[in-house]
Amino acid sequence: MPASPSPPPHPVNSPLRPSAAQLGLIAANFLMWGGFFAVIPLVTVHFSGPTSSGGLGWPAATVGLVLGLRQLTQQGLTVFGGAWADRVGPRPLILAGCVLRCAGFAWMGFAETPGVLLSAALLAGVGGGLFDAPKSAAITAVTRPEHRTRMFGLTSISGNLGMVTGPLIGAALLGLGFRTAALCAASVYLLAAVVLGATLPRLRPAGSKVSGFGGLRTAALDRHFRRFTLVLIGYFILSTQINVAVTLKAISLAGPGATAPLYGLSAGLAVALQYPLLRLAERTLPTRAALMVAVGLVGLSLGLMALVTTFPALLACVALYSLGTMLVYPTQQTLTARFAPPGLVGSYFGFSAISLGVGGALGSVLGGTLVDAGARLGLGALPWLTLAGIGVLTVLGLRWALRGLEFGDDEGGNQ
Numbered sequence: 000m001p002a003s004p005s006p007p008p009h010p011v012n013s014p015l016r017p018s019a020a021q022l023g024l025i026a027a028n029f030l031m032w033g034g035f036f037a038v039i040p041l042v043t044v045h046f047s048g049p050t051s052s053g054g055l056g057w058p059a060a061t062v063g064l065v066l067g068l069r070q071l072t073q074q075g076l077t078v079f080g081g082a083w084a085d086r087v088g089p090r091p092l093i094l095a096g097c098v099l100r101c102a103g104f105a106w107m108g109f110a111e112t113p114g115v116l117l118s119a120a121l122l123a124g125v126g127g128g129l130f131d132a133p134k135s136a137a138i139t140a141v142t143r144p145e146h147r148t149r150m151f152g153l154t155s156i157s158g159n160l161g162m163v164t165g166p167l168i169g170a171a172l173l174g175l176g177f178r179t180a181a182l183c184a185a186s187v188y189l190l191a192a193v194v195l196g197a198t199l200p201r202l203r204p205a206g207s208k209v210s211g212f213g214g215l216r217t218a219a220l221d222r223h224f225r226r227f228t229l230v231l232i233g234y235f236i237l238s239t240q241i242n243v244a245v246t247l248k249a250i251s252l253a254g255p256g257a258t259a260p261l262y263g264l265s266a267g268l269a270v271a272l273q274y275p276l277l278r279l280a281e282r283t284l285p286t287r288a289a290l291m292v293a294v295g296l297v298g299l300s301l302g303l304m305a306l307v308t309t310f311p312a313l314l315a316c317v318a319l320y321s322l323g324t325m326l327v328y329p330t331q332q333t334l335t336a337r338f339a340p341p342g343l344v345g346s347y348f349g350f351s352a353i354s355l356g357v358g359g360a361l362g363s364v365l366g367g368t369l370v371d372a373g374a375r376l377g378l379g380a381l382p383w384l385t386l387a388g389i390g391v392l393t394v395l396g397l398r399w400a401l402r403g404l405e406f407g408d409d410e411g412g413n414q
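Residues in the sequence shown are numbered consecutively from 0, following numbering that gives the first Met the number 0.
Because the hints were derived from the structure by calculation, they are not lab data. One or more of the hints may lead you astray.
[What the hints assert, rightly or not] What follows is a list of derived Cβ distance ranges for each label pair:
id: 1; residue 1: Thr50; residue 2: Thr283; range: 55 to 65 Å
id: 2; residue 1: Thr368; residue 2: Thr43; range: 14 to 24 Å
id: 3; residue 1: Gly75; residue 2: Pro113; range: 20 to 30 Å
Ideal Cβ placement from N, Cα and C applies to all residues, glycine included.
With the hints as constraints, model all of the structure from the sequences given.
Shown next, in the form of structure tokens:
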């Protein structure tokens, strides 16, 4: 059914009382992230692990290529998934994506050759591409403008909870065999589909005169939004470093066991502090200023790692890094929703996936390259000062991209 007109805005400090649809989206997001992290970390362990420990002994490069192609498939399809949501509504795409992700993960449990694993991973990637942008469009549709930052924050917190619990559950299930772990993780996506099927209404965006993938063209031709999306590539180069340069430095300081406290601290801080931090930012800063401050914190934390010589000092920098990243997602999503004209919210969220796809890919390559170059040249500070410079350029780019824009509901804090 057509979406009803947006209700009049309430004060920014009005309480958020989640509806059934909002609670369903929060719960489903937890299940999706939990299911993902219950199986994906085990793929490398199972397929590339030594045969003496029950692994298949495949080359790590083979498994890395499979996982990289899955990510590329998902991000590429996300661009179109948002546009499809503008045509048919987000609900059917999210449900279809959950079913395909379930099938892909279940198929992984039966993979015995690289070709089968790749096919299963690509199917899982297609599922993710179908539900990524439509999920953000659904959150936007069921949430008042003045509550969207908080709602995106709550879904981010639920995702972080999934990131914490997923690997623990996956590790426990691995004792029963990788196939069992994969099938259990797959079933979680069916549960998420049931939850959303019961709580999410049949939303259709407000009528739009744009047909086909014209919404993507509109987003691409929106000069301010195009600038905003391209500038954010810089941030996603930085955000990828928790998995690349930061992890490599942690291992060099404290050995392979350093990854557990590293990721535990990052996800734990997000669970504990993200919502109160968002509320503080809402009361003191406009959304666009909060985004620039958050990106600046991420760049600063990476720059400070040039001075780090102990693992506790590294964890202190990771804490600062986490404070920035936990603010970026909800503020970036909120601003994307404000850019979008009625009826094209999905297309705008889809187009915004370009920054994550390009930035994530560049960040993975650049992080490892900078670490290697720094070691080769004897300049240990090289990667960190370069990343800090990217942070400064990104903040300046955001100021340029958002300059002169008027968002009617950007009333938080001092203008």
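Verification of the supplied hints:
1. Thr50 x Thr283: 55 to 65 Å: Between Thr50 and Thr283, where Cβ atoms are some 56 Å apart, the hint holds.
2. Thr368 x Thr43: 14 to 24 Å: Holds, since Thr368 and Thr43 (Cβ atoms, about 21 Å apart) stay within the stated range.
3. Gly75 x Pro113: 20 to 30 Å: Check passed, 21 Å falls within 20 to 30 Å.
In summary, this structure violates none of the numbered hints.
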